[in-house]
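Student: Below, each chain spelled out in residue letters.
There are 2 protein chains.
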Amino acid sequence: MGRTSDAKERLIQGAMALIHARSYADVGVQELCEHAGVKKGSFYHFFNTKQDLVLAALDEWWAFAKERNWNDAFSPTRPPMERIERFFEINYEQNAAEFEQSGQFSGCPFGNLSIEMCCQDEAIRAKIHAIFDDVVGRLKQTLDDAVASKILAPMDTQETALALWAYCEGVLMLAKSRQDLDLLHRLGKRAVRFLQASGRKAT
Amino acid sequence: MGRTSDAKERLIQGAMALIHARSYADVGVQELCEHAGVKKGSFYHFFNTKQDLVLAALDEWWAFAKERNWNDAFSPTRPPMERIERFFEINYEQNAAEFEQSGQFSGCPFGNLSIEMCCQDEAIRAKIHAIFDDVVGRLKQTLDDAVASKILAPMDTQETALALWAYCEGVLMLAKSRQDLDLLHRLGKRAVRFLQASGRKAT
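Protein chains in written order, with this note's numbering: chain P, 15 to 217; chain Y, 15 to 217.
I should point out that these hints are in silico values taken from the structure, not numbers from a laboratory. Wrong hints could be hidden among the right ones.
You can't tell identical chains apart in this list, so a pair holds if it fits in one copy or across any two.
Here are the simulated lysine to any residue pairs, SDA-like style, with alpha carbons at most 25 Å apart [as the list claims (entries may be wrong)]:
1) Lys-141 x Asp-196
2) Lys-80 x Ala-140
3) Lys-154 x Arg-192
4) Lys-154 x Gly-117
5) Lys-141 x Asp-40
6) Lys-22 x Ala-211
7) Lys-203 x Ala-111
8) Lys-154 x Asp-66
9) Lys-64 x Leu-32
10) Lys-80 x Gln-44
11) Lys-141 x Leu-197
12) Lys-154 x Leu-32
13) Lys-164 x Gln-27
14) Lys-203 x Ser-56
15) Lys-64 x His-199
16) Lys-54 x Asp-73
17) Lys-64 x Ala-110
18) Lys-154 x Ala-205
19) Lys-164 x Gly-55
20) Lys-22 x Gly-151
21) Lys-203 x Gly-51
22) Lys-64 x Arg-192
23) Lys-203 x His-49
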């Protein structure tokens, strides 16, 4: 049983590494099996398709993002604006650590897969949609708290949370296109400044 | 000669359609040839590799974006803030028109290819970098004009232009992930509001 469940986990970890570094379409079942050191029969014991494996990988990424990053950034013990600052800082730290390890700045696994797959695979699109909604919900709650404590002026917090998440993903894309971690850091810091500025007037 | 140059153009147009709808890795030379109705020998007469064809497709997309969209939006006859508004409006109109035609909201061809390829292909990454720099330069010039006419307070216009372009690409990604053109429209309209708000105070 131990070895069996190791094989499943190795397949998931391998999919996360290879697909994050390259793309969904570029990584086939054969390569995923070789990377994990499992036979094709084993693969199909755990997963019906590459899609199934990637849905499992998305669950692991999501669990990791929540546990390692989002729960820390969005801890209600932090003042609201510090939560947003920390969210962008962790985003930078995470990518810097991955760059240190792999020599490559691969960006957001959710954003990458969303761009590649959301017009081609409804199950993958729906899962990423749910993940995006989770983080947008956390951003909205933070903005609601900031408005309630009069740190920000009243605003449509749902729309602003969507705009903030879009900004975060866009900064990741632009910085990735330049392989420029410093840009990720600098533009991340601007998020709170934009908010504070726009929060001065109700939107 | 007429038929020969038609074949080259058909290959480029086909690459633009198929890769925009799916991805670089998912579309092979065989399918590109079948779609264009040309033999493989013809393909290799014009292009050494799929990469070569995609670099040519990027040039065509860029020429199209400049001629159809950016030159209109960034016309110096428009007041600066109207240029930015128009830039986001055209972005929406373009995607809405494509959705009308294809039933699919595929987003930005540059952003899509950047996310997929910039860690894997230096020539594609460098070309997209140059395209991104072109649009960031136009946004910076617009912000410089707005600051010079005291519509916006003094700011680091280069960094703000980068932030604005990141926001634009992020909005495209998020709206694409939901296949939600209305979100693209609404969040686009927020760009000018953010700027005006943050422009009130020098950054």
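Student: Would you mind marking each hint as holding or not holding in the structure?
Tutor: Hints, one by one, checked against the model:
1. For a Cα distance limit of 25 Å, the shortest separation of Lys-141 from Asp-196 across copies, 21 Å, qualifies, whereas the shortest one inside one copy, 30 Å, does not.
2. With identical chains, the CA atoms of Lys-80 and Ala-140 are at most 25 Å apart within one copy only, with a shortest distance of 18 Å there and 34 Å across copies.
3. When the C-alpha separation of Lys-154 and Arg-192 is checked against a cutoff of 25 Å, the pair qualifies only between copies, where the shortest distance is 18 Å, while the shortest distance within a copy is 30 Å.
4. When the C-alpha separation of Lys-154 and Gly-117 is checked against a cutoff of 25 Å, the pair qualifies neither within a copy, at 34 Å, nor between copies, at 31 Å.
5. Taking the closest pair of Cα atoms, Lys-141 and Asp-40 come within 25 Å of each other both inside a single copy (21 Å) and across two copies (21 Å).
6. For the homomeric pair Lys-22 and Ala-211, neither the shortest alpha-carbon distance inside one copy (48 Å) nor that between copies (51 Å) is at most 25 Å.
7. In the homo-oligomer, the alpha carbons of Lys-203 and Ala-111 lie at most 25 Å apart inside one protomer (18 Å), although the nearest pairing across protomers, at 35 Å, exceeds that limit.
8. Taking the shortest alpha-carbon separations for Lys-154 and Asp-66, neither the intra-copy value of 31 Å nor the inter-copy value of 44 Å comes in at or below 25 Å.
9. When the C-alpha separation of Lys-64 and Leu-32 is checked against a cutoff of 25 Å, the pair qualifies both within a copy, at 13 Å, and between copies, at 22 Å.
10. In this assembly of identical chains, Lys-80 and Gln-44 lie within 25 Å of each other by CA distance neither inside one copy nor across copies; the values are 31 Å within and 42 Å between.
11. With identical chains, the CA atoms of Lys-141 and Leu-197 are at most 25 Å apart between copies only, with a shortest distance of 19 Å across copies and 29 Å within one.
12. For the identical chains of this complex, Lys-154 and Leu-32 are neighbours neither inside a copy (33 Å) nor across copies (37 Å), given an alpha-carbon limit of 25 Å.
13. Within a single copy, Lys-164 and Gln-27 get their C-alpha atoms no closer than 44 Å, and across copies no closer than 54 Å, so neither meets the 25 Å cut-off.
14. For a Cα distance limit of 25 Å, the shortest separation of Lys-203 from Ser-56 qualifies neither inside one copy, at 46 Å, nor across copies, at 51 Å.
15. Neither within a single protomer nor between protomers do Lys-64 and His-199 lie at most 25 Å apart by alpha-carbon distance, with minima of 34 Å and 34 Å respectively.
16. Taking identical chains as interchangeable, the C-alpha atoms of Lys-54 and Asp-73 lie at most 25 Å apart only when both belong to the same chain, with a minimum of 22 Å there against 41 Å between chains.
17. Neither within a single protomer nor between protomers do Lys-64 and Ala-110 lie at most 25 Å apart by alpha-carbon distance, with minima of 29 Å and 32 Å respectively.
18. In this assembly of identical chains, Lys-154 and Ala-205 lie within 25 Å of each other by CA distance both inside one copy and across copies; the values are 14 Å within and 18 Å between.
19. For the identical chains of this complex, Lys-164 and Gly-55 are neighbours neither inside a copy (59 Å) nor across copies (68 Å), given an alpha-carbon limit of 25 Å.
20. Within a single copy, Lys-22 and Gly-151 get their C-alpha atoms no closer than 31 Å, and across copies no closer than 48 Å, so neither meets the 25 Å cut-off.
21. Taking the shortest Cα distances, Lys-203 and Gly-51 never come within 25 Å of each other, neither inside one copy (42 Å) nor across copies (51 Å).
22. Taking the closest pair of Cα atoms, Lys-64 and Arg-192 come within 25 Å of each other only across two copies (23 Å); inside a single copy the shortest separation is 30 Å, beyond that limit.
23. In this assembly of identical chains, Lys-203 and His-49 lie within 25 Å of each other by CA distance neither inside one copy nor across copies; the values are 38 Å within and 46 Å between.
The structure fails hints 4, 6, 8, 10, 12, 13, 14, 15, 17, 19, 20, 21, 23 (numbered hints given earlier, in ascending order).
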